[in-house]
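*Asks:* We have chain A; now place chain B onto it with these hints.
Sequence order for the protein chains is A and B.
Counting along the first sequence from 1, when you hit position 187 you're at 187 in the working numbering, and nothing is skipped either side.
One rule links them: number in the working numbering = place in the second sequence (from 1) + 1000.
No wet-lab data here; the hints were simulated from the structure.
All residues carry an ideal CB built from backbone N, CA and C; glycine is no exception.
Incorrect hints may appear among the rest.
As the list claims (entries may be wrong) - Restraint-style ranges between C-beta atoms, simulated for each label pair:
hint	chain 1	residue 1	chain 2	residue 2	range
1	A	Asp-256	B	Phe-1041	54 to 62 angstroms
2	A	Ala-59	B	Glu-1049	48 to 56 angstroms
3	A	Pro-206	B	Gly-1254	46 to 54 angstroms
4	B	Arg-1231	A	Glu-327	37 to 45 angstroms
5	B	Cys-1284	A	Asn-219	31 to 39 angstroms
6	A	His-82	B	Pro-1172	54 to 62 angstroms
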Amino acid sequence: MATTTLPVEEKKQVQEQEALITGAEAIAIACKLANVDVVTAYPIRPYDTVMQYMSQLVADGEMDCEFIVAEGEHSQFEIVKHASVCGARVFCGSSGVGWMYAMEALTVTPALRVPMVAMVGNRALDDPGAFGVEHNDALAVRDLGWLLTWVDSAQEALDTALIAYRVAEDRRMFVPLALSCDGAFLTHSQALVEIPSAEQVKKFLPRYDRGELLLHPDNVISVAPQANEDWVMEIRRQNYAVTERACDVIREVYADFEKTFGRKYGNPFFEEYMTQDAEVVLLGMGTMSTPVKVAVRKLREEGKKVGFVRLRWFRPFAGPEIAKCLERFKAIGVIDRDFSFGSPNLSGVVATELRSAMYTGASTRPPVLDFICGLGGREVTVPDVEAITQSVFEAAKGKAQPLTQWIGLRG
Amino acid sequence: MGQLFAVELVYRGVFQKTLAKNITRGIVLAAHNEGKLGISFGRYGDSPERNGIPAKSFAIVANDEETLQAGMAQYEPKQVDVTVVLDDTLCKGGESWAWYGLQPVHHALKPGHTLIVISLQDAPTLLKSIHRREEPYKLAVLKGVTSFSGMWVYKDDHTDVRVLGAIAKALPEVVGLKSVEQFITDKLKNSLKLTSAQTAFERFKSIDVKPGQGNPEQLPKFELLKWEDMREGVSIKGQPQGCAYADPVTKQIGGFRPARNELFKKYSTRTQRPVVNFATCTKCTLCWLNCPDASFDVTPDKTYDANLEACCGCGICEDVCPVKDCITMVNESQFHDNHSQWEAFKKDHDAYLKWLEKTIESAEPEEKRAHGFRYRGQYKEQVPEALAIAQKG
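Next comes chain A alone, as it looks inside the complex (with noise of 0.2 angstroms):
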């Protein structure tokens, strides 16, 4: 949890109201304070709330932009894409099947160096047509140049919207940026936020200036289809430079962004929860926190050592400062909400990066169990995570336990 580091006086100053709303309505008002110039949208659970609060922003006059239903989630990104190299800010977003049918308009913004940003309401693929959290959509940009990111509470939701936009409009970034939010336990739950003042926004966020990129009558160039055909591995290598500098850029934003509202969020890419005398720790990705603290603090009521960390950012993975801060612990339980099906050790997505994180980063070799848990939207409960847990320290101790279970399954 972010903790509130002014005093009670200027805090006043700088929070502009409290406000109980939902994790979409959240990134609504961030996009409404960030002045966001185009929003393209498609409807699908549960991505849509965004969309239809933002239009009720539109339509009360409340938020000046051009607000466009695309005919489907590939024009609703390629549309972005093109008013985002025009120099326009951009929003956009979808969920599930829908980000799947966008994708080849999601591939070639890396390229195209478009710091669009989209909302994920985090849902199922098909089949069968779930409306519950799973975090593969998203997942699917992972290997692309996108940035993804995690979120687990609407408070969080709002801010790191603001941060998404100071990061990929950043001139050493430019690449599009994921938000995810866990369909349903995020997008359609209710919580007190705070929200910042226009004039705070402004002072944090500059205006987007895209330079000599800028498709502009005054700055004749052409994008894409002038290009050779062999320059394929030196735009590659230009993406990856991206990738060198992401994580620089995003502890600047944070901590600009500390400065600015007060609100403090320590390390911007994992959170860590009753880790500092834990033996073992678990690792997650979302709203999955909940349970997780609850049981955490269950059991360390009954003397178990037990820590947890939230993993903020996925792309970019900082593998050394998390290979650092798990190498101390006994033994690791990733908790996956996702699957990569024939991936080594059977693992899911989560376990299976860090795995490789830990090879090269960490002096120790504390075992990585997985668990896959709470896919097509199923509750990650609290004995679920005490199970986990369970096999944890046993993992701990010596004995061989799995790499890879499923929790919370039937039979």
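*Replies:* Chain B only, in chain A's frame:
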């Protein structure tokens, strides 16, 4: 390592794609009759499915598996033993993989080896188009028109086996006549084709081309940028707007010449070019408006001069021109430079018009096939059709 041979076929996509493939397959299968191994494959700069695009097909033949593998361990052979040109207009050069720029047609040919061109022209005429090089080579002309054999309904004119017969003579180490004959008998099962291959073998003649002999034109060269030096966002700096230019005689400034990418020469796809009668031009602008590549320069006289560095020879200007014989498409192989026609006209009206008359006479009649369309005049036929549809709403 055993012996390794490479044969390169230079052709025009999409019209000659099947023909080129049939020839390179024939080389591999015929050589296999001698116990050799080989592969046949296509390589291209632009899509070989596009009209008129210069493209290449290769056959690699080796005595053993490992040698063959060594030959395959590169995108395309850097050096070839025979180059066959299936369309003589390609003698002006073509692009290979990745548009590294226009290259001489024989840029991969080993010194002393043979360039075979299918053409109705003789070797000295072809050498006006084929670029000079420092190493000697042999040039052989296989008499024939540009063949579309193998494409859809086009007649099989035996070009495939004639080329095989010529290769058997030029480089028997790759494949001997007996193996070619056996391939034709076993696989093509056509005794007439057997005769065609034998005739090509017997009549094959080549001349020695000395260093420095041929077209003196210097092709543009450029450096590819390092990744740090390239613009980001897959973006290219636009060309500046064009500008007016001078009349070569009166020095009067006027007209408009659009700026064009110096490194992107589109003329390598051209098999016919427009020749313009500036004396009968009514300045109606239709050619300039309808040109899909903005190839026309507006002259200081306000007539329209097809810029031959930019024109890819589609023929639409000829079809839309309302004045009889004002724009005529003429086979590209007759021309050996890309100089401005308007400048020639300005310098000497009479000489130009005399040249024009002679040149138009040699133009193939309409309805004869032309690259880009199935025959000259096809676009013109489509205009009333399109108009009728448009009027119907």
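*Asks:* Are the hints correct? Go through all of them and say.
*Replies:* Cross-check of the supplied hints:
no. : hint                                       : result
1   : A:Asp-256 - B:Phe-1041: 54 to 62 angstroms : holds, 56 angstroms
2   : A:Ala-59 - B:Glu-1049: 48 to 56 angstroms  : holds, 50 angstroms
3   : A:Pro-206 - B:Gly-1254: 46 to 54 angstroms : holds, 48 angstroms
4   : B:Arg-1231 - A:Glu-327: 37 to 45 angstroms : holds, 42 angstroms
5   : B:Cys-1284 - A:Asn-219: 31 to 39 angstroms : holds, 35 angstroms
6   : A:His-82 - B:Pro-1172: 54 to 62 angstroms  : holds, 59 angstroms
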